[in-house]
Structure formats: C-alpha cells, structure tokens
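Asker: The primary structure of each chain is shown beneath.
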Amino acid sequence: MTTIDATRVGGEDEWTENRPPRRGLPRLDLGEAWRRRDLGVTLAERTLKVRYRQTLLGVGWALLQPLAGLVIFTLVFGRLAKLPSDGLPYAVFVYPAMCLWTYVSTSVSAAAAELPQNPHLVTRVYFPRILSPAAAVVPGLLDLAISLALTAVLLVVYDVRPEPQVLLVPMWMAAAAIVAFGVGTWLAAINVKYRDVRHVLPFLLQTWFFLSPMVFPSSLVSDEWRTVYALNPLVGLVDGFRWSLVGAPAPPAADIASLVSAVVIVVGGLYYFRSVEVKFADVI
Amino acid sequence: MRNSIEVAGLGKRYTVGGRGAKLLTEVVAGWMRGGGGDKDTDFWALQDVSFTVGTGELVGIIGRNGAGKTTLLRILARITAPTAGIARVRGRLSALLDVGTGFHDELTGRENVFLSGAILGMSRRDVRARFAEIAAFAGVEQFLDTPLKRYSAGMRLRLAFAVAAHLEPDVLVIDEALAVGDAEFQARCLGTMEDLQRSGRTVVFVSHDLGAIGRLCKRTLWLDQGRIVFDGPTPDSLRKYFDAVGRIDAGRAEIETDPHVPVALKSVWITAEDGAPLTEPTRLDTVVIRLRVEVRERIPGLDVGFYIADSMGLRVLEDTLRVAVPASPLGSAPGEAELAVTLPGVLRADAYLVGVYVYSGHDYFVVEEPLRFRVAPAPGESEDGLRPAVRPQLTWSVTGVET
Numbered sequence: 017m018t019t020i021d022a023t024r025v026g027g028e029d030e031w032t033e034n035r036p037p038r039r040g041l042p043r044l045d046l047g048e049a050w051r052r053r054d055l056g057v058t059l060a061e062r063t064l065k066v067r068y069r070q071t072l073l074g075v076g077w078a079l080l081q082p083l084a085g086l087v088i089f090t091l092v093f094g095r096l097a098k099l100p101s102d103g104l105p106y107a108v109f110v111y112p113a114m115c116l117w118t119y120v121s122t123s124v125s126a127a128a129a130e131l132p133q134n135p136h137l138v139t140r141v142y143f144p145r146i147l148s149p150a151a152a153v154v155p156g157l158l159d160l161a162i163s164l165a166l167t168a169v170l171l172v173v174y175d176v177r178p179e180p181q182v183l184l185v186p187m188w189m190a191a192a193a194i195v196a197f198g199v200g201t202w203l204a205a206i207n208v209k210y211r212d213v214r215h216v217l218p219f220l221l222q223t224w225f226f227l228s229p230m231v232f233p234s235s236l237v238s239d240e241w242r243t244v245y246a247l248n249p250l251v252g253l254v255d256g257f258r259w260s261l262v263g264a265p266a267p268p269a270a271d272i273a274s275l276v277s278a279v280v281i282v283v284g285g286l287y288y289f290r291s292v293e294v295k296f297a298d299v300i
Numbered sequence: 004m005r006n007s008i009e010v011a012g013l014g015k016r017y018t019v020g021g022r023g024a025k026l027l028t029e030v031v032a033g034w035m036r037g038g039g040g041d042k043d044t045d046f047w048a049l050q051d052v053s054f055t056v057g058t059g060e061l062v063g064i065i066g067r068n069g070a071g072k073t074t075l076l077r078i079l080a081r082i083t084a085p086t087a088g089i090a091r092v093r094g095r096l097s098a099l100l101d102v103g104t105g106f107h108d109e110l111t112g113r114e115n116v117f118l119s120g121a122i123l124g125m126s127r128r129d130v131r132a133r134f135a136e137i138a139a140f141a142g143v144e145q146f147l148d149t150p151l152k153r154y155s156a157g158m159r160l161r162l163a164f165a166v167a168a169h170l171e172p173d174v175l176v177i178d179e180a181l182a183v184g185d186a187e188f189q190a191r192c193l194g195t196m197e198d199l200q201r202s203g204r205t206v207v208f209v210s211h212d213l214g215a216i217g218r219l220c221k222r223t224l225w226l227d228q229g230r231i232v233f234d235g236p237t238p239d240s241l242r243k244y245f246d247a248v249g250r251i252d253a254g255r256a257e258i259e260t261d262p263h264v265p266v267a268l269k270s271v272w273i274t275a276e277d278g279a280p281l282t283e284p285t286r287l288d289t290v291v292i293r294l295r296v297e298v299r300e301r302i303p304g305l306d307v308g309f310y311i312a313d314s315m316g317l318r319v320l321e322d323t324l325r326v327a328v329p330a331s332p333l334g335s336a337p338g339e340a341e342l343a344v345t346l347p348g349v350l351r352a353d354a355y356l357v358g359v360y361v362y363s364g365h366d367y368f369v370v371e372e373p374l375r376f377r378v379a380p381a382p383g384e385s386e387d388g389l390r391p392a393v394r395p396q397l398t399w400s401v402t403g404v405e406t
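So the sequence lines, in the order shown, correspond to chains A and B. Okay, so the first sequence: first residue is 17 according to this note's numbering, each after it adds one. Okay, so the second sequence: first residue is 4 according to this note's numbering, each after it adds one.
Since the hints were derived computationally from the structure, they do not count as laboratory data. C-beta: ideal position from N, C-alpha, C; glycine also. Do not take every clue at face value.
Here are the simulated distance ranges between beta carbons [to be verified]:
#1 A:V66 with B:P280: 49 to 57 Å
#2 A:L64 with B:A156: 24 to 32 Å
#3 B:E144 with A:D212: 23 to 31 Å
#4 B:G348 with A:D29: 55 to 63 Å
#5 B:T44 with A:Y288: 43 to 51 Å
#6 A:L64 with B:K152: 14 to 22 Å
Okay, the calculated bits of chain B under chain A, using three or more residues with CB under 8 Å as the criterion [said to hold, decoys possible]:
#7 70–84
#8 87–98
#9 219–225
Derived contacts from chain B toward chain A, CB cut-off under 10 Å, selection only [what the hints assert, rightly or not]:
#10 T28
#11 T104
#12 E109
#13 D129
#14 V130
#15 R230
#16 D234
Using the sequences and the hints, build the whole thing.
Answerer: Quick look at the structure:
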C-alpha cells in the first residue's frame with residue numbers, strides 16, 4: 017500500500033479531543049468542514065447522478081415544475097384575477113419567480129431530509145454534518161440554470177429585450193443557494209430533533225410561497241411596510257431575479273432588509289445546527 | 004511510551020423513556036400545559052472509563068451486548084460526545100463501525116468507491132490514486148461499471164472493506180465489521196489489521212469473535228455494564244470473561260432475529276445423546292449441538308457450518324452440513340428446521356464458544372458465535388495441564404511388563 021502523506025488531514029502528532037459539549041455558543045469549526053469539502057462535492061454528485069439515472073424525464077424534470085407553474089399562474093392570476101405584473105407580460109413576469117421557487121423549495125426540502133433519511137451516516141461515521149445541508153442545495157443549481165435559460169424563449173415570444181444586468185444572474189443564483197442553505201440548515205437540525213417536522217414542512221413551504229412576491233409584484237406592498245416585508249429574504253431575491261432576467265424595476269433600497277435577514281438566517285442556522293449536531297447520533 | 008489514545012473519566016448518559024427524537028407537537032403541547040416535563044430515566048452506557056493505548060498497540064475490546072463497547076467506539080470516533088470525561092486521539096483516525104456506510108444501490112461500483120472513500124475521510128485524489136489497488140483488493144474489476152444493486156452480498160462486502168482497508172489511518176477503530184463474510188474474507192481483514200499494526204499504526208478492535216481477539220491482540224479490555232472490568236493480557240481477559248459468561252448461558256442461547264433476513268438462526272443449545280438437557284458436560288461425554296434455523300424463502304444449496312473455539316480463541320474443530328449430507332433438503336422450501344450435530348467426547352476441559360454460519364454460494368445469511376459452554380474434566384481428574392488442542396479418549400495397551 018502506498019502512503020500519500022501530502023493529502024493527510026491533520027498532522028500525525030495532532031490530538032483530536034472529544035469532550036462534553038460546552039455551554040453557551042459553540043465553536044463553528046468551519047475549517048474542518050472546508051478540509052472535508054470533497055465529501056460535500058461527492059454527496060452532491062451522487063444526488064445528481066442518481067436523479068438523472070432514475071428518471072426517464074432527466075433534464076425535462078428540471079423544467080416541468082416551473083413550466084407547469086408558468087401555465088397555471090398565467091391563466092389563473094394573469095388572465096382571470098388580472099394581478100399586476102410591473103408592466104411586463106404576466107408569463108414573463110411570473111416565470112423567473114417559478115424557477116427560483118422550484119429551486120428554493122426543493123433544495124430546502126432536500127437539506128431537511130438527508131440526515132433523517134440516512135441514519136447510518138449519522139450513527140456509523142463521523143464527518144462535519146454541515147456538509148449534508150450544504151451538499152443538498154447544490155444539485156438544484158443545475159436545474160435552476162437550465163430552467164432560467166428557457167427564459168430566453170419567453171423573451172423572444174413576448175418581444176422583451178434583455179438588459180445588461182442579465183450578467184448578474186449567476187450572482188443571484190449564488191444568493192438563492194445561500195438562502196436555501198440557511199433555511200435548509202435550520203430545518204435539517206429541527207428535523208433530526210423533532211420527527212414530525214417533515215409533516216409540517218409542505219405547509220410551511222406553501223405559506224412561504226404565498227407570503228413571497230411570486231405571483232404578484234413586491235411593489236404591491238405599501239411603502240411604509242416595504243422594509244418589513246423585505247425581511248423575507250425571498251423578496252429581495254425575486255426582485256433581483258426579475259430585474260436581471262426580464263428587466264423588471266430594480267430592487268428598491270428596502271430590499272437591503274432581505275440581505276440582512278439572509279445573513280442572520282445563515283449565521284443563526286450555522287450556530288443552531290452546530291449546537292444540536294453533537295446530539296444527532298443519540299436521537300436519530 | 005508514546006500514546007495514541009487517551010481516555011480519562013469517560014461517561015455517557017442516555018435518557019431512556021423518550022424515543023430519542025421528540026415530536027415538536029408534544030413539546031408545544033408541553034409548553035401550553037405549563038411545562039411539567041416527561042419522567043425520563045437516565046442510564047449510563049459508560050461510566051468512569053479510563054485507559055490509554057500506546058502507539059502501535061493492537062487492543063481488543065470484549066463484552067456482552069449492551070456493555071458499552073459500541074458507545075466507546077462512537078465517542079473515540081467523535082460520532083457522539085461524552086457526557087463526562089475526555090477522549091483524545093493522536094493523528095488521523097478511521098472508524099469502521101459498519102461496512103459500506105453510504106453505499107448507494109443505483110450507483111456503479113466505481114462511483115460507490117468514491118462515495119464511500121469520501122464518507123470515510125479520503126480526498127478524491129486519495130481515492131483516485133488508490134483506485135486500482137482498491138478494485139484489485141475487492142476482486143470486482145469486471146463489475147466496476149455495474150450498478151451496486153446487481154452485486155451479491157459478498158461482492159458488496161468485499162468492495163466496502165477494500166475501500167476501508169486503503170484509508171491509511173494513524174489510528175483505526177473497528178467494530179464487528181468482520182462478523183460477516185467467508186473465512187477467506189475474514190482472514191484478509193485480520194491480515195489488513197495486522198499489517199496496519201506492523202507498520203506502526205494503532206488499532207482498537209471490538210469483536211464477539213473471541214477467536215480473532217485471541218489471535219490478534221496482546222491486550223484486551225473487558226467492558227461490562229459500562230465499566231472496564233479487566234484490562235490486561237488477552238489470555239487473562241478471555242479467561243475471566245469466559246468464567247463470567249459461561250455460567251450465564253447455561254448451554255442454551257436464544258437469538259433475537261431480524262424479521263427481514265431470509266434465514267435466521269433462532270436458537271442453539273446442547274444436549275446429551277439421548278436429548279436430555281446438558282449444561283456442563285465432562286470431556287468424555289458425547290455432546291449434541293442443536294440448531295434451530297428458520298428459512299423464510301427458498302434458497303437452494305443452503306448450507307450450515309459450525310465451529311468450536313476454545314478459551315484461547317483457537318478454532319478446535321469445524322464441520323458443515325453438506326459435507327456430511329450433500330443432498331440435504333435444507334433451503335428447498337421455507338420453514339423451520341432443527342439440526343443436530345453429534346460431537347464425540349474429544350474436547351479438553353475448557354470453556355468453548357460455538358460459532359454458526361448459514362450461507363449459500365457467496366451470501367452469508369448468518370454468522371454468529373451465539374453459544375458458550377464449559378467442558379468439565381472427567382470425574383476424578385484435574386484440569387488439563389498441557390492444554391492440548393483436543394483430548395479424545397485414546398486406546399492404550401501395555402505389553403511386556405512382568406506381573
């Protein structure tokens with residue numbers, strides 16, 4: 017057997033300690049998660065391979081959900097309810113939001129489900145558990161990219177000209193991944209601790225959907241409540257996606273609240289996850 | 004001496020009564036009722052456990068089910084945190100508490116090697132560099148691009164262990180991972196552990212296979228009810244352990260079986276030749292070893308083997324059903340079967356362990372060492388001083404002496 021010392025994690029003389037969890041704020045120890053990032057990549061790759069191998073639809077699956085949303089919401093909210101759409105054709109207005117929502121909801125559910133569904137990963141091996149929700153939000157990015165690319169067809173059909181800010185789309189995708197990771201981390205930790213959360217999750221997601229400006233523009237909310245409304249990080253995200261992709265009005269200054277709350281959710285999620293992580297193997 | 008593992012005052016408390024994970028609705032309902040809280044009871048899976056393991060040592064851990072062995076390994080591996088005390092490990096640790104953790108049926112053998120390697124702590128570069136060795140070690144080169152779901156249980160096991168064997172840790176802790184697999188596989192696993200130790204690595208080995216412990220480990224810890232009962236040279240540990248458990252089992256073992264496995268060993272017991280109960284035969288007695296096996300689905304060619312290991316862990320004898328009865332109908336239809344093996348009085352006075360395996364082809368359905376029993380000296384005789392492997396009653400004759 018050959019020894020490859022260069023790739024060793026930790027020196028030969030370094031002690032690793034296991035003591036009772038300390039009271040108060042835990043140490044995040046993100047450095048260890050970073051050293052084991054290959055596992056995160058491998059887990060994400062596994063999910064992608066399994067999904068594209070198992071389903072006949074393959075790539076089509078990525079498009080089905082946002083396209084179905086596009087058709088249904090255009091008919092119901094665009095034609096029948098005649099919701100405002102920031103001066104854009106309703107289909108063009110709603111499609112980027114459908115893509116974003118499909119990504120966020122599937123990623124959050126996947127992040128919450130991975131550890132409870134694979135108890136052996138928790139009880140038989142050690143790895144920085146945070147890699148599980150982190151890896152869960154990655155595969156959906158491929159579907160998101162594919163479905164967003166289809167926006168081009170809508171732009172041609174409805175004769176909408178793309179603006180230069182379309183170049184910022186990757187940044188918004190990264191922001192969506194960070195929000196999904198933050199919320200997913202909270203739900204993953206709660207889901208291990210409380211087994212009935214998975215039954216509540218669809219309801220929570222549905223509520224979040226209708227609280228977010230998916231089928232209506234965020235401009236519908238009056239100015240005095242606009243900042244409070246933007247505490248929902250999806251508000252800033254949807255505004256950003258619409259602005260970049262289909263030239264809707266730029267996100268207002270109030271959307272800074274979305275950025276702030278996203279940071280709070282992610283940092284809070286990391287600490288909460290870390291504080292309950294040590295008990296995962298005992299309760300799962 | 005340099006240490007690789009230091010454990011001091013280690014304790015682990017579990018709360019029983021709750022089912023582990025709680026229901027959020029219960030917690031909320033509890034708040035609304037105004038607290039109160041459940042009457043959970045605590046139990047200590049480990050208590051005040053202290054020991055050190057020197058670098059390059061190969062230490063065994065024995066004990067009955069529920070003695071705290073697995074909890075100890077989980078704490079060493081950082082899977083769970085202790086409630087009290089501290090456990091320190093020097094260098095890179097690999098823990099094999101299971102074979103094939105994280106394997107995915109839909110992925111190919113090759114993909115599973117990368118997945119399993121990553122889960123066990125190898126970087127992708129490590130796995131790539133050792134891939135050819137791993138595949139060769141597992142002996143599945145032709146099936147690398149076949150989905151894992153088409154692998155037999157034996158192939159799966161070999162692949163899983165092959166990944167684990169190429170981890171190159173400084174400290175390896177290993178739990179029962181070898182309790183499955185055929186003799187050749189087990190020999191390779193034990194060989195790998197010996198190689199690791201010879202190259203200066205530290206190994207902690209938990210097993211029910213006292214034979215393997217006896218052959219491999221110079222030093223053995225005996226855990227009982229969460230405490231270290233004895234820590235010393237393996238022969239002493241094994242002798243004390245045998246003395247303690249031999250009486251408890253009293254010649255009969257009932258086995259809790261997993262309802263999902265196709266074949267289950269339900270019980271093992273010993274009787275006299277006429278079927279009368281027997282707890283402690285003398286070395287001259289014929290002993291009948293009886294096994295009750297439940298076959299839940301048709302498995303043609305199902306075979307049952309057993310062996311007997313002495314208190315030093317030496318396997319004294321072995322036999323299989325199909326060697327004696329090639330055309331046995333076992334496995335041809337579901338149902339319960341009782342097997343009886345008649346063993347003439349060949350054992351010396353000692354404590355013995357009966358190991359049973361049920362298999363067909365490469366698939367091992369049962370591998371257990373469920374029964375322990377003692378053999379007493381013949382009446383009027385003392386313990387065997389020379390500890391021969393076997394002590395059958397031989398025929399002597401004396402000629403040429405004037406009387």
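Asker: Which numbered hints are broken by the structure, listed smallest first?
Answerer: Hints 3, 5, 9, 15 and 16 not satisfied by this model.
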